[in-house]
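*Asks:* So you can see what is in the structure, the chains are spelled out below.
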Amino acid sequence: MTIHLSIVLFMPLAAALVGALLLPQQVMRWLVFAATLGVLAYVVVMLADFDSGSRGLQYVTDDSWIPELGIRYQLGVDGLNLFLIALTAIAWVPCTLWSVFREHERPKLYFFNLALAETAVLGSFMAQDLALFVVFFDLMLVPFYFLIGGWGTGDRVRATTKFVIYTLAGSLLMLAGAVALGALSTPDGGQISFSIAELTRRSTSSGTQEWIVLLFAAAFFVKAPLFPLHGWIPETYRSTPLPVLALLSGVLSKVGVYGFLRIVLPTMPQGAQHFQELFIVVAVFSILYGSALAFSQDNVRLVVAYSSIAQLGFITLGIFSLDPKGAQGAVIQMVNHGLVVVPLFLIIGVIASRARGSESLSELGGIAFRAPVLATLFVIVSFATLAMPGSPNFVGEILILFGAFENKLAYGLVASAGVVLAAVYMIRFFQRTMHNRPGPAVESRDVDRLDFAAIAPLVAVIVALGLYPQFVLHRSDKATTARISAAQQVQSPVASRQSPGTRPVMVLKDVPKP
Amino acid sequence: MDAISFGWLVLSFPVAGMLTVSLLWNRLPGRLGGWIASGAILGSFLSSIGMFVDLQDRPEHARSLVDSAWTYAATVDFKVDMSILVDPLAVFMCLVVSGVSFLIHVYSVAYMASDRGYSRYFAYLNYFVFSMLLLVLAGNFVVLIIGWAFVGAASYLLISFWYRRATATYAGIKAFVINVVGDVGLVIAAFLLLDKTGSLDYRGIFQATDNVFRVDDGTLVAACLLILLGAFAKSAQLPLHTWLPDAMEGPTPVSALIHAATMVTAGVYLIARMHPLFEMAPTAADVSAIIGTATLLFAATVAVAVTDLKRIIAYSTISQIGYMVLGVSVAAYGPGLFHLMTHAFFKALLFMGAGSVIGAMSAAQSIDRMGGFRKAMPFTFVTFTVGALALAGFPLTAGFFSKDEILGFAIARGSGYVVLAVVGYLAAFVTAFYAFRMVFRVFFRNAVPEARELEKGHLAHHEPENPASGEKEDTDVGFPGPEHHIAERSWPMKAAMGPLALLAALAGLVQVPGIDEAVDKFLEPTFADSRYADVHPSTGTEWTELGIGGLLGIAGIGLAYLIYLRRRSLRLQIRERFDALHTFLFNKWYFDELYELLFTRPVAALGRFGRNVVETDFVQGTIVGGATGVVRVGSSFARAIQTGYLRGYALMLLVGVGALALYFLISSS
Amino acid sequence: MWFEQVMFFVAAVLALAGALGVVRLRNPFYSVLALVAHLVALATLFLLLRAQFLAAAQVVVYAGAVMVLYVFVVAYIGGQEEPMRGEGGLIGSFGPLFAAALGIELCIAILGTGLDAVDSRGPDVGAGFGSPAQVGALLLQKFLVPFEAASYLLLVAAVGAVVLARRRRGLEESEARSPVGEAG
Amino acid sequence: MTLTIADVHAPVIDYRALSPLMATVGGSIVVMMAGLLRPRFVQRVLVPVLTALSLLAALGLLIWVWEPGDQRPIIEGALTTDTLALGLSALFLVAGLVTVLLSLRAEAVREAGPGEYCALLLGSISGMVVLAEATNLITVFVGIELLSIPLYVLCASELRRETSLEAGLKYLVIGSVGSATLLYGLALVYGATGQTDFASIADAIGSEGGVGITDPLLLTGVAMAATGLAFKASVAPFHQWTPDVYQGAPTPITTFMAVATKAAALAIFLRLFDQALVDTQTDWGPALAALATATIVIGNVGAIPQRSLKRLLAWSSVAQAGYMLAGVVVATTLGLRATCLYLAVYLLMNVAAFAVVVARERVSEHGDDIASIENLGQAEPWLAWPMTISMLALAGFPATAGFIGKFYLIDASVDGNYTWLGIVIVVGSVVSLVYYLRVIAVMWLGRYEVEMPTVPRRRVKPIGGWSPEAGARAQPEVSLVAIAAAAATILFGLWPNPLFDAARDMGSSLSGLF
Amino acid sequence: MDVAWFLVLSAFIFCIGIAGVLTRRNPLVVLLCLELMLNAGNLALIAFARMHGGAAGQVFALIVMVIAACEVVVGLGIIVALYRHRLPIDVDELSELRG
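These protein sequence lines map, in sequence, to chains A, B, C, D and E.
The letter at position 150 of the first sequence is residue 443 when you use my numbering, and the numbering goes up by one with no holes.
The letter at position 344 of the second sequence is residue 415 when you use my numbering, and the numbering goes up by one with no holes.
The letter at position 146 of the third sequence is residue 572 when you use my numbering, and the numbering goes up by one with no holes.
The letter at position 336 of the fourth sequence is residue 343 when you use my numbering, and the numbering goes up by one with no holes.
The letter at position 38 of the fifth sequence is residue 1486 when you use my numbering, and the numbering goes up by one with no holes.
Just chain A, same shape as in the assembly (with noise of 0.2 angstroms):
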């Protein structure tokens, strides 16, 4: 029973309310950007602190919030969504810092939107109370609304409707699903409740459970996007404004995905084990569809767009290979994918800003050849973004496909074939912006210190990242096993009787595979 995840939700806030009701905006953005440094730094201590041997939860906030439906403001840090906190903290500070120095009209409300949004996303993977889940998680649209319909560029309105409207019509599906589990997981005079390890003591019949996971899916599939729900993305990634996309792609992008570990699987074990098939289908779908649209793209944003479709079908295949490995791959690759896609869009920024503006790879090249700095960024970011070895991402895919191979071994081996696909266009969008011939209205420039100064930590994160990645799997671990242990007993009771972890070579033969 601790006060400080309290303290790191709402210190955005917080600073952002102060600022804007009693500062001039010159200094109330350099507030907002300190609330997103305090909040680095918990975070960082945080990592430090953390008990990476306790598989339960850590820095328990557990309140009555609204007795009458159940709802309790309960917030908690274990080894699944520690991580996804870092990344929210960490990709904030860059994103608001390249904010900072640029001009916006109405800056009071643009930062204060930049402080909710991180408030809502940190309450989303803080939240242990699924009513509170969805709350952030609902919550987290309205200053991304503001955002990208105020600053965003081009058919911004229609643009930032059209995603608020497409990825609430999936959260507030997923509003009545959680009541349903919430509601009929009750039992007889007994007070409902929606705190999620209550929940998963709970049990409801597996034919409720599997349309209570369809619901969720639709939310989540929404979020993430997976095909054939991605209808938002292309005219949203147009118009948002850069570190707002980084962020909206990097970070919120990661909630469903989330959810599904944290609630779907543990909650509604049947329910997930009843559609994995499909949900595979639809993840590696999405890995071949977005792959091969990615390197279709000429606008450099609809690339990524792409791509991290792409991405978030690998992650979502490792979480329903219904593996240790694979649900490990699928966190760490979360945290990944948020540290590459965060730098990715910065950089765009920069080679926009190269070439007059131009956004399409047509017009764009030969940036390089004075900006060896940038292009080093860039080099490391998309190798890491195409999963080579080395980088932090490889790990994530090869535990990932480790997991399919596990189970679904055929969909493993098509799977497979993204990392390829992500290889060719990773490299052609690298190369068609920093190599090539210069595109006509390309002048190439190195990046300024400002902008280094928002990419340049990120990059190291990840090279970290990729020499140590069991620095994340040894304190997310147990926490990720634990919440599959139950969805995997459903798949295949063998799986789980065997002790996890050393398999003793000799007996192989006789181990029957599931």
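Among the clues, some could well be false.
[What the hints assert, rightly or not] Take a look, some chain C residues computed to stay more than 10 angstroms from chain B by CB distance:
1. 487
2. 497
3. 520
4. 532
5. 562
6. 592
[Stated by the list, open to error] Stretches of chain B that chain E covers, calculated by requiring three or more beta carbons in the stretch to come under 8 angstroms of a beta carbon on chain E:
7. 438-448
8. 717-731
These aren't lab readings, by the way, just hints derived from the structure by calculation.
We put the beta carbon where it would ideally sit given N, CA and C, even for glycine.
Given the coordinates of chain A, assemble chains B, C, D and E onto it according to the supplied hints.
*Replies:* Structure of chains B, C, D and E alone, referenced to chain A:
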């Protein structure tokens, strides 16, 4: 210091060099960057020697050491350390790699002197050497895959080093993608092995192999074939060879280092490293042997037809690697790796010579435009010829011992392998022929203008243009610098080529059948467990086989002499006689066109289909459009009945009552 | 009891005729008169149903007071002949059909009910039934609240009428130039 | 005669319980008298103050009377002052207060004369209170009429505006048709049961000798009565008067109708169905559920193409009625509570929105057209924020009371085995985003990019001296109402427990629910 | 005379009233039709009162009369106001609010 610490040292030198050069990229004066990089590699070479010495002091059985720095990744059923394995094979590779790399670095210091990307070049080069060493020192599959991919990345960066050339960037992406295909193969193989043996460490796997698998166990064969996929992608064996000729877009030293001496031979190393698996899965081994043979013949034939100097050597490389693959697949590990070493020497040498010539031609690469450089570039001529002799397997040169020994082993295996050996001999003849086709057409016959100009003491200089596409280039934006460098004029190039020439000529003597078989002996501990350890041709037969090889080599040289110097008309007659064959060979058996048809076009078409059809019609049209359409229709309906006519509303009310009452009446009865 | 029956049928026919008259007659003035007739007929029916007080109220209050009010208004705004043309097209033509349908449903309900009392002329009731005394007693005891509320409602309605019908300054001259004025 | 007079003895009257009602009735008479005095001070100040005072007095008395669980009918079973009735009455009174504030400078007041205006308003409120407390068919009917007839007048009270009169007439005619239907229905129910008190009706139904649950006479009566009430609650297909009347009526009156009338109608819905007819739920449940669905769909799709804010809110109020009907359908205590809670929330949300409309239409030449709030974000943030919050709340975004209300309703419908109805609610809210977000977009994101509604712009024809500019002057009270309502929306969104307590008390007042 | 007769009669009157509302365009007449509907209700109430032998129905009817009167007053008031403002005395012309 024991071998392991030396091993880590081997790895750390290039890393240090890379970091220094890249971080100080704009502060290093003159050629300092190059020298730093070379120094770093020299450092790893010396540490490799350190390893070598230390291993020699140990008893035979204790010559395989493993050490892990930290846990890389671990979860349920999955544990990988950042570990290296030091054993004779690894040390052997380290020596070859770091040694040759060092010389090529030195060569580059001069060759790349005037290039815009001088520091970048050496940073990449160091990065490559580090990756290569990591690959050979890797102690488990994951580290291997990391090194494997790193060399791929380095090769990509260096192929498209002159990134303003569309041809270069295209070649780069081609090479990278094919390599990634190989990586995926390795990953899947790794999974199969982990799944069965429960380990990813070489030792764990090899120990488990005998217990877990039967001979030719299905899973094992699959795993080995996937490993071969990786190996062949790297080593440019059929059908994954197409990237290597294009890789010649990179600077010539790069071709020498990566695409001749070291990286492309990684596949051979891999097969040798995995020999316990392959010996347990003979089917896979045979597949590999057959493909190797096919490749060596195919590449040799192409090398006869193509006219681009570097590409000739590239195909020759493919062919030579074919020999090595054949060797290690028929359990001729010693000879295979020996050939790897000698080939590294003479092929690097050939490329260096080619680079020098190209410098003299000011970047022109077609041998049709060359000739008569004998007088103009004596040093290059001599060294290049030595290299060619070694390649042709001229008696007592390095190639002579190594190549023919492989074939000898194949014959010793008997049965079908004899056929492979015969093909190998045939190709050896062709090899000798095209090797000297180069020599005669470049250095003999009457001198081309560039040559004469050079004899006058002036290095020719044309408007720089892309040798492949012929488009003009502006040298001030990152193309090979304004001036060119030839061995005759810059001592570092000489300093690099000289030793290599010696090695190409004499290295064979370390492995003379019956007299000293140093390589075999040194590698003994690694392959002690081989079940073909006793398969070994007797010294006598071996000498006869060497003899046959030597004679074929001389014959090939003779034929080349006949066609290209003695009776020039003959060449044209032959070409007219076998026109179809010539075009077929000249177009490299149309492999590129085939792949274009099979993969590139379909995937691109798929992408376009997705973008233009699925996105617009299904995702936006059906799903989004459908929903909005329904809503729109509904709202227009709601408005349509909202006529504003009071009586209309009354009617609606009446209808409502009627319906409600009706429902109740029905439900009641 | 043939007298009752005759009375019923006469009154019923008269009531229906009056109702139809209200609906069909073009001149609102005649419609009002038709309604008066209808109300009187209803009053007789009330008598048959032993509701003397209500019958009286019906005649006095309704047919008397309220209808007079109608007549005044009609006279005030001029009961112009409303041309029956079209009578509002579709709604006018199909509306009655739906009305008939509802009527049929109602009849089904009335005749299909399980209450046998419907098919009787009701229990015998004492002389006091429906007398002012009894109704008054109920109004003052059981239904005090509705009674009071209704009277209060009358007051409110009066106020409303005042609000609506009160003459206003500044309106007459505006009528002259208001373009909408002619629309009427 | 004398005899009969003798046995008349006045019934026992519980003045304490009756006091709130008496406060409003008496207040109305006092106000009317005061209105007859000419002095400017009386007209401008005294009358509104007196009105407000009587309402506040009623509120105070109401809190004094408040005691949960007490279900005794008073005055011969004509009325009951259980917490349900009192709670709803509180809503009417609050709505009345708001209306008085919004009317202070309204054109309608000057037209009708403050005394009459306020008297009619109080009269209507008294009618609602009677209706909410009614436990007897006759009282119900009187209550409905007492509620409606003053409203007919008030709708038409902006006499110089053609649309105001039109609205008045439409409302009168359709309303009378509705109440005639209701009357006939009540007559049939009375005929079927021979009773007028709800309690005795409930007893009569199903009891031996009494009428059967499925008796056609009874059910037809129920159908017609339901129609009459559904009409007042503007449930589809009886909703059609709503948009026209709401748009035509003076905006303060629209506000009052939107929040109070609907509450009153739902109150009697609850009484009739969840008390008198609770045993026949299996019969009328599906029918009502169908009506609710139709209402949700029609209301939401109808609102999409609207330009006039009043009209848009009218349609949205139709949809909201549909949501609330779900709480009636399930006929459980939970449903009852959910409906009551949503009524309260609904009042807050709509008051905020309508107050902004009032403020804008007085100063903007666009009247209540959506163009009148264009770029309100910069121009008048203190109006823009309440509107934004109200829209978000109506759409059901979290951290607003609207979310809590919807959550509770869905919870109730799932709990009552009407899960599909819960999902209908969700889908409806998704559709509703289209127009709610548009309003926000027009205020904040600049209209030049907002895709505008499809209905052609219709200018309101002024009659005589009517001009929107007439009311164009400072109007602190309107902004105050808006801000207060919005603040309450947020507050109850974060800390809804007071509402839940009230709802629980109100829910306890109907026995016989599951 | 059975109660049912009266009830059926009232049903007919009620429907005639509705039909009138649907067909007539003159608000005055529409008001008259509303009167018809209310009276139909009254008839039913009184019939039921007779049927049950309880006078509650009669009281109800009495109160309905009062209410009907109130509606008439307000309705006529609005009509007069319309006339005052030179607005068409025709419900179909009053369709400014729609959509």
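*Asks:* Determine for every hint whether it applies to the structure shown.
*Replies:* Right, here's what the structure says about each hint:
1. 487: holds, 27 angstroms
2. 497: Non-interface label stands for residue 497 of chain C: nearest chain B Cβ at 24 angstroms, farther than 10 angstroms.
3. 520: violated, 8 angstroms
4. 532: At about 8 angstroms from chain B, residue 532 of chain C fails to clear the 10 angstroms cut-off, so the statement is violated.
5. 562: holds, 35 angstroms
6. 592: It holds; residue 592 of chain C is separated from chain B by about 25 angstroms at its closest Cβ, greater than 10 angstroms.
7. 438-448: violated (count 0)
8. 717-731: holds (count 5)
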